[in-house]
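All chains, full assembly: derive it from the sequences and hints.
In order, the protein sequence lines correspond to chains P and L.
Counting in the numbering used here, the first sequence runs from 1 upward without gaps.
Counting in the numbering used here, the second sequence runs from 1 upward without gaps.
Hints are not guaranteed to be accurate.
[As the list claims (entries may be wrong)] With beta-carbon atoms standing in for the labels, derived distance ranges:
| hint | chain 1 | residue 1 | chain 2 | residue 2 | range |
| --- | --- | --- | --- | --- | --- |
| 1 | P | MET17 | L | ALA30 | 45 to 51 Å |
| 2 | P | THR129 | L | ALA42 | 44 to 50 Å |
| 3 | P | LEU109 | L | ALA30 | 57 to 63 Å |
| 4 | L | ARG53 | P | GLN63 | 55 to 61 Å |
[As the list claims (entries may be wrong)] With a cut-off of at most 20 Å between alpha-carbon atoms, the simulated EDC-like pairs for lysine to aspartate or glutamate come out as follows:
| hint | chain 1 | residue 1 | chain 2 | residue 2 |
| --- | --- | --- | --- | --- |
| 5 | L | LYS13 | L | GLU49 |
| 6 | L | LYS15 | L | ASP61 |
| 7 | L | LYS13 | L | GLU23 |
| 8 | L | LYS41 | L | ASP67 |
| 9 | L | LYS13 | L | ASP61 |
| 10 | L | LYS41 | P | GLU150 |
| 11 | L | LYS41 | P | ASP154 |
| 12 | L | LYS36 | P | GLU156 |
| 13 | L | LYS36 | L | ASP61 |
| 14 | L | LYS41 | P | GLU156 |
| 15 | L | LYS36 | L | GLU56 |
| 16 | L | LYS36 | L | ASP67 |
Because the hints were derived from the structure by calculation, they are not lab data.
Backbone N, C-alpha and C fix where the C-beta goes; we use that ideal spot for every residue, glycine too.
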Amino acid sequence: MLKTAWAVALLRVVLVMAFLLLLVMQVMSVPGGLAYEVEQSPEMAYLRWPLLVVLEIQLLCGQVVIVCTWKLLTMVKDDRIFSERAFAWVDAILWAIAVAWVLLLAVFLYVGFNADDPGAPLLLMLPLTGGAVLGLLMIVMRALLRQATELRSDMEQVI
Amino acid sequence: MPIVVRIDVELAKRKMSVGEFAERVGLTPANVAVLKNGRAKAVRFSTLEAMCRVLECQPGDLLEWVDE
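Laid out in structure tokens, this is it:
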């Protein structure tokens, strides 16, 4: 249990850092970077706003996942994780991953059909595959949480 | 549930109060009430053993099957 407590504490530190990182990207790096790209290659200007919207939504999805993970960690600490209320946060994580993944798929398809060389599509395949693994793993873990929650509620009825 | 727990009969035989029984067995009065009114879904063997010890009876004296 001590190791779990350490992992949870460390995870919280990393989550805060990740959240701040996403926030910096959201308000500075992404808008700034896109503006710079458009300056460098004005013929790509039509991509600026759609790409900005997609990236901002994806970053927002990342923040949703972080906040929900934080809430779930609190529930783990208080031994309330095996309850119906945990599923709202787990479902929010699943939806956030799904939205970000679908957007990434759209970008991948657009890049794939317009690419001259396989470099960019292959590079996009990496987060696309990773996102699919993460999302499907979450579905498996959600099912495990469901089983554990039912076992816990069964055990609580034993006198 | 067609299995009923006959705590009240054994308690009456020994003139023991529900409160005393709960305390000696180590159950909460709420759980004793659950056992008595047949809403219990499962009982630990350790609980059954403690009840038999306190009431000086056999499990068969406490548990009874009734056809619904």
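Going through the hints against the structure:
no. : hint                               : in the structure
1   : MET17(P) <-> ALA30(L): 45 to 51 Å  : holds (46 Å)
2   : THR129(P) <-> ALA42(L): 44 to 50 Å : holds (45 Å)
3   : LEU109(P) <-> ALA30(L): 57 to 63 Å : holds (60 Å)
4   : ARG53(L) <-> GLN63(P): 55 to 61 Å  : holds (58 Å)
5   : LYS13(L) <-> GLU49(L)              : holds (19 Å)
6   : LYS15(L) <-> ASP61(L)              : holds (16 Å)
7   : LYS13(L) <-> GLU23(L)              : holds (18 Å)
8   : LYS41(L) <-> ASP67(L)              : holds (17 Å)
9   : LYS13(L) <-> ASP61(L)              : holds (12 Å)
10  : LYS41(L) <-> GLU150(P)             : holds (14 Å)
11  : LYS41(L) <-> ASP154(P)             : holds (9 Å)
12  : LYS36(L) <-> GLU156(P)             : holds (18 Å)
13  : LYS36(L) <-> ASP61(L)              : holds (14 Å)
14  : LYS41(L) <-> GLU156(P)             : holds (10 Å)
15  : LYS36(L) <-> GLU56(L)              : holds (18 Å)
16  : LYS36(L) <-> ASP67(L)              : holds (18 Å)
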